[in-house]
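Colleague: Following the hints, put chain E in place on chain B, whose structure we already have.
For the record, the sequence lines run as chains B and E.
The numbering of the first sequence is this note's numbering, which starts it at 631 and goes up by one.
The numbering of the second sequence is this note's numbering, which starts it at 631 and goes up by one.
Honestly, I wouldn't trust all of these hints.
Copies of one chain are not kept apart here, so a pair can be met inside one copy or by any two copies together.
What the hints assert, rightly or not - Calculated pairs, DSSO-like style, for lysine-lysine (alpha carbon to alpha carbon, straight line, at most 30 Å):
#, residue 1, residue 2
1, Lys818, Lys718
2, Lys818, Lys711
3, Lys968, Lys922
4, Lys711, Lys1159
5, Lys983, Lys1063
6, Lys1064, Lys983
7, Lys1302, Lys1277
8, Lys718, Lys905
9, Lys1223, Lys922
10, Lys855, Lys711
11, Lys968, Lys691
12, Lys1229, Lys711
13, Lys718, Lys847
14, Lys718, Lys848
15, Lys855, Lys718
16, Lys968, Lys847
17, Lys983, Lys855
18, Lys1005, Lys1302
Calculated directly from the structure, the hints in this document are not laboratory data.
Number of protein chains: 2
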Amino acid sequence: MVNRSLPSFLCGISLTLCTLSLSGFVFAEEKGSLPIMPAPAHVVVGEGEFFIDGSFGVATKGYDEPRLARARRRFLDILSKETGIPFKHGAIASQAHFIIQTIGPSAAVQQLDEDESYNLVISTNDVALKAANPLGVLRGLQTFLQLVRINERGFSVPVVTVDDAPRFPWRGLLIDSGHRFVPTPVVKRNLDGMEAVKLNVFHWRFADDEGFHIESKKFPLLQEKASGGLYYSQEEVREIVGYARDRGIRVVPEFDMPCHTKSWFQGYPELAGGKNPRQSSAMDPTRESTYKFLSGFIREMAALFPDSYLHTGGDECDAKEWETNPQIQDYMRKNSIKDGAALQGRFTARIEKIVASHKKIMEGWDEVLQANTPKDVVIQSWRGPSSLAEAARNGYRSVLSSGYYIDLNQSAKEHYLVDPLGEGAAALTPEQKKFVLGAEATMWTDIVSADNMDNRIWPRTAAIAERLWSPEQIKDIGWMYQRLAIVSQKLGYYGLRHRLITEEMLERMSGDPDPVALRVLADVVQPPKGYQRQELRTDFTALNHLDDAVPPESDTAREFNAIAQRISSGTATPQDWQQARAWLVLWRDNDAKLQSLLKRSYLIQDLAPVSTNLRRVAEIGLQALDDLHENRVVSAELRDTNITFLKSAVEPHAVLLLMPASSVELLVNATKTQ
Amino acid sequence: MVNRSLPSFLCGISLTLCTLSLSGFVFAEEKGSLPIMPAPAHVVVGEGEFFIDGSFGVATKGYDEPRLARARRRFLDILSKETGIPFKHGAIASQAHFIIQTIGPSAAVQQLDEDESYNLVISTNDVALKAANPLGVLRGLQTFLQLVRINERGFSVPVVTVDDAPRFPWRGLLIDSGHRFVPTPVVKRNLDGMEAVKLNVFHWRFADDEGFHIESKKFPLLQEKASGGLYYSQEEVREIVGYARDRGIRVVPEFDMPCHTKSWFQGYPELAGGKNPRQSSAMDPTRESTYKFLSGFIREMAALFPDSYLHTGGDECDAKEWETNPQIQDYMRKNSIKDGAALQGRFTARIEKIVASHKKIMEGWDEVLQANTPKDVVIQSWRGPSSLAEAARNGYRSVLSSGYYIDLNQSAKEHYLVDPLGEGAAALTPEQKKFVLGAEATMWTDIVSADNMDNRIWPRTAAIAERLWSPEQIKDIGWMYQRLAIVSQKLGYYGLRHRLITEEMLERMSGDPDPVALRVLADVVQPPKGYQRQELRTDFTALNHLDDAVPPESDTAREFNAIAQRISSGTATPQDWQQARAWLVLWRDNDAKLQSLLKRSYLIQDLAPVSTNLRRVAEIGLQALDDLHENRVVSAELRDTNITFLKSAVEPHAVLLLMPASSVELLVNATKTQ
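If we strip away everything but chain B, and leave its shape as in the complex, we get (with noise of 0.2 Å):
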């Protein structure tokens, strides 16, 4: 009775919205503009376009290896995916329609300058991919499988010619599996998805604070009393470090020290800095043992993991743990270490020596930098642009993340606008700007879990890995909207889960199958961005509340918000105002169905106002469209009266930004009063 395999919340607004979704889809192949992302270096489209069929088949030509093979595998295997085709594996060029030729091998551990560049001619009757090594040939799959759609007449790609490479070389994601432990399967599928947006360095952090989640065989009480039995087997690193490899994704793993490091002394009590060891979390800087601890297990992290770079973290270090611990204080007097972060200068000086005796470049956080810090160290800046830009000018290569906290549910568009050269970087001389070797988006998992992750990573980073591969100037922000929303739907097929998540936590907080009213409300909220939201939430131990199951941008909002600048500005299509009027009645008369499923359920009790807000601004927004359509004069007293409910309204309310409200804002503006 209650469910359907199909969802039921079928509509009579319908047609405007999917005429909308078919404009966005013609207008892409209308201004042959192909939906690459990130968008290549060089394109040349030409006429016709090439079919996939069932007899289509990959073959090789030049050099091969086992690599390769297993990508050409995963290449049909997505093509799968997307046509419902079964495709035969290993076929033979001389029958093949797709011949990828490489020229010769990659480095055996992968290299930051590695070449990724490659060519791919598409004609109507077959597909040629060269590239200098395997990683080129993997970063021309992607854009392959970009290309194809579906038409009258089959699946089929269009005739382009494609000319690419990489404008900076360190393009990454960081996941934090220290705040919470993320399942390898979780990490697999967002592998997957860094490959086809070209994304190449997992930056792997493990430990923090909450729990210590990778297995160290030298010192096992690391994770066995700080893990709760979830943490990674050294046998499932290699795997995840092979298949990263496969995709041509380089694994930086970090461990976070001195600070950030109460698990590791739930084991080891020893290390700690403060005076009550299982509170402390700051690792003793003065003691010699410290030191003998860390080199073994930088021994063993360092053997395990092959990349040319270790990340030893060293952000944010409070002092005061050292200033009320009396041994440290005595030997900061007797050394004559000034303050906190000159003796976490020494630290780390000790660090680096460590990680460099085992043939590996340090990375840390901009912390890290001191004055005699060597000049190999890459410095990751979360501080900012000026902060990478200093690091710059003093030498050191660096990669931002300032600006790419996708934890932070700011929209695509902000992330999208950032970029490692701007702001600060932008006035480095172009020797010094070679010191920015690119950026990573920061997937912290604080208030974030592997369960709503995928929706706060994707589709959001493959702007930002649009940002670190292709041309500076390719930033227009309604070109990347439509093409990152055909990226998400590709997504899928690589087994990602961002479109789902919503769904699932919605069916689960409401307990309804089909929550149709609860879906409208949802469709148009947002968590509140930066750390505003653990501001008013004080516990995030279960994600299952609306603001963990909503995205970080309302698409829904994001248009409607276009169509009232439109409307205000004057210059909106009779179409506009029809959807902005579907939207609005949609909204209106939602609040009367979805009262009493919130009664039914403790997770959503709390957004009753919430849903009260949404009427009444949907109710002052049909308003403000009459009185712009019939050009009525309105009472100044009741546009200000409206115009500080829409103020309130937008404010957070359960954690929730009600974004319709400062649009039907600018609909109120526009209205003409005495």
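Modeller: Then chain E, alone, in the frame of chain B:
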């Protein structure tokens, strides 16, 4: 522009749909009919409820084993998925609210007649689950999970006492990895689903004419020449067998012989009974070398699969191959074998001896039953209840599959009303009835693949599972559908994809990330039942058409039909009228929206007339509603024209049945004529 994480197809008419859904839920609770499926043998519902919060833990008393520890972990993982609450593993008994008490172990290899009973007592303060062995514990844990719901105070289960045990000891699901390979993740998640509905036999079929998909180390050309590289390694098989055992599921392997064996001959043509070995599909049962080969093969497989039963197929032998082989004809004459059936009888007797020599009991399809078949052979009936009754009357144990062919797109109701002890078997004596062990749902993959398999198996197989577990007299169809909907949703927490597949395939075939109008059509069409689909479509290589995508049973069409019946019989409520009109308006207006989308994709172009038919059906339905409402007299001529059209519309077009047509016919027939 085009994608949104939340569905945008939100509607003006959703109030009625939504209200319908809610009323279904409330009804189930009010009746005191708990959403357990299969319904337990005995239930006593009490007052109050037990709440599940972050402090919830499970502990164990009495016998324990690693399998039970894994079961507890799995239980908590599913509960976390359903609630979003992370639970701590490994609670201690003094603190846990849920105590499991197991008396002793079950058999080292799960046996046919093992005790699966359990006793589950839920009070407002705690939960106690008791069972004789781990199998009963597994069953009881699933009952608990089905009771979990959300309400205004939290997640909870009702106070209840359940005493439960199955009606039949053999409750199976066949997955056919012969026609098409089924990847291990798909097998695993379907084993999870089997556990959820208390099925206990996984009948795993590995080969058919189309392919041979399991590794033989003794005869490696079997998989090397006939699997296209897609086969289960023996290590994978062992992993699946262990995975099944963890879930209280036996694995009965099937190696169908002597027919449906074309794939065997690709590597070993000497086994073939036809003139052209590689085109032959029957073994040569006259050569000693055949038996020598099979003896070696069965030895290898008997060692790989621990279950006491081994299925050797035996179905659908076409004697023509043997009749056109002079050597075989010669042999038959010399040995006075009158026909192919007799020749197969000899073959079966030989194979039975080989199977028995490995201390296994042979199982076979109907055809293996001959006059001299040993009495311990188990007969699986695919021909129908009469062959099952016949076997039982002759003292053979049997398993019913006729009536449970879930590849044939029948409704849950149709399967549900089939009883292994119904029809022919109803006349058996109580002693004879004991020979009927149970039944198996059969997921044949002739025209189903791993991609859409979940949506063919679930949720309908839960209804079959109830028939096999629950008391015979439980057969209320309405109640079954209510619970089926809830189980269907819960199966999502086990990772089953049946509720996702249709939407994914609609996106794929339309190239639209939000194909609103296509969804409306898809929601009310069904693939033809039985073998008609194979007659209408010739190429099932790529399963990417709408008849592959939609579920076998349209819930919307069934609900609409129930309303149409009430309207035509004069028992409809005002809400029924409102709902019928809302649906008919939706369908009428959909065609104008859908046609342009259909033109854009080759996979859906042929749906144009189906969409137009839906519009016309809806127009006739709306007219009939008006006529009935106004009590109008209708022209007999017009009515006949309409009925002629409706009868034609219900016939397959584009390999699809337009389900509402027959319901509208009910409405038209209820109108008054001159």
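Colleague: For every hint, state whether the structure bears it out.
Modeller: Status of the hints after comparison with the structure:
no., hint, verdict
1, Lys818 with Lys718, "both (25 Å within a copy, 25 Å between copies)"
2, Lys818 with Lys711, "both (18 Å within a copy, 20 Å between copies)"
3, Lys968 with Lys922, "within (25 Å within a copy, 87 Å between copies)"
4, Lys711 with Lys1159, "between (35 Å within a copy, 26 Å between copies)"
5, Lys983 with Lys1063, "within (27 Å within a copy, 80 Å between copies)"
6, Lys1064 with Lys983, "within (25 Å within a copy, 77 Å between copies)"
7, Lys1302 with Lys1277, "within (19 Å within a copy, 59 Å between copies)"
8, Lys718 with Lys905, "between (65 Å within a copy, 29 Å between copies)"
9, Lys1223 with Lys922, "neither (65 Å within a copy, 71 Å between copies)"
10, Lys855 with Lys711, "between (42 Å within a copy, 25 Å between copies)"
11, Lys968 with Lys691, "neither (63 Å within a copy, 59 Å between copies)"
12, Lys1229 with Lys711, "between (41 Å within a copy, 22 Å between copies)"
13, Lys718 with Lys847, "between (43 Å within a copy, 25 Å between copies)"
14, Lys718 with Lys848, "between (47 Å within a copy, 27 Å between copies)"
15, Lys855 with Lys718, "between (49 Å within a copy, 14 Å between copies)"
16, Lys968 with Lys847, "neither (37 Å within a copy, 71 Å between copies)"
17, Lys983 with Lys855, "within (29 Å within a copy, 57 Å between copies)"
18, Lys1005 with Lys1302, "neither (63 Å within a copy, 93 Å between copies)"
Checked against the numbered hints given earlier, this structure breaks hints 9, 11, 16 and 18; the rest are met.
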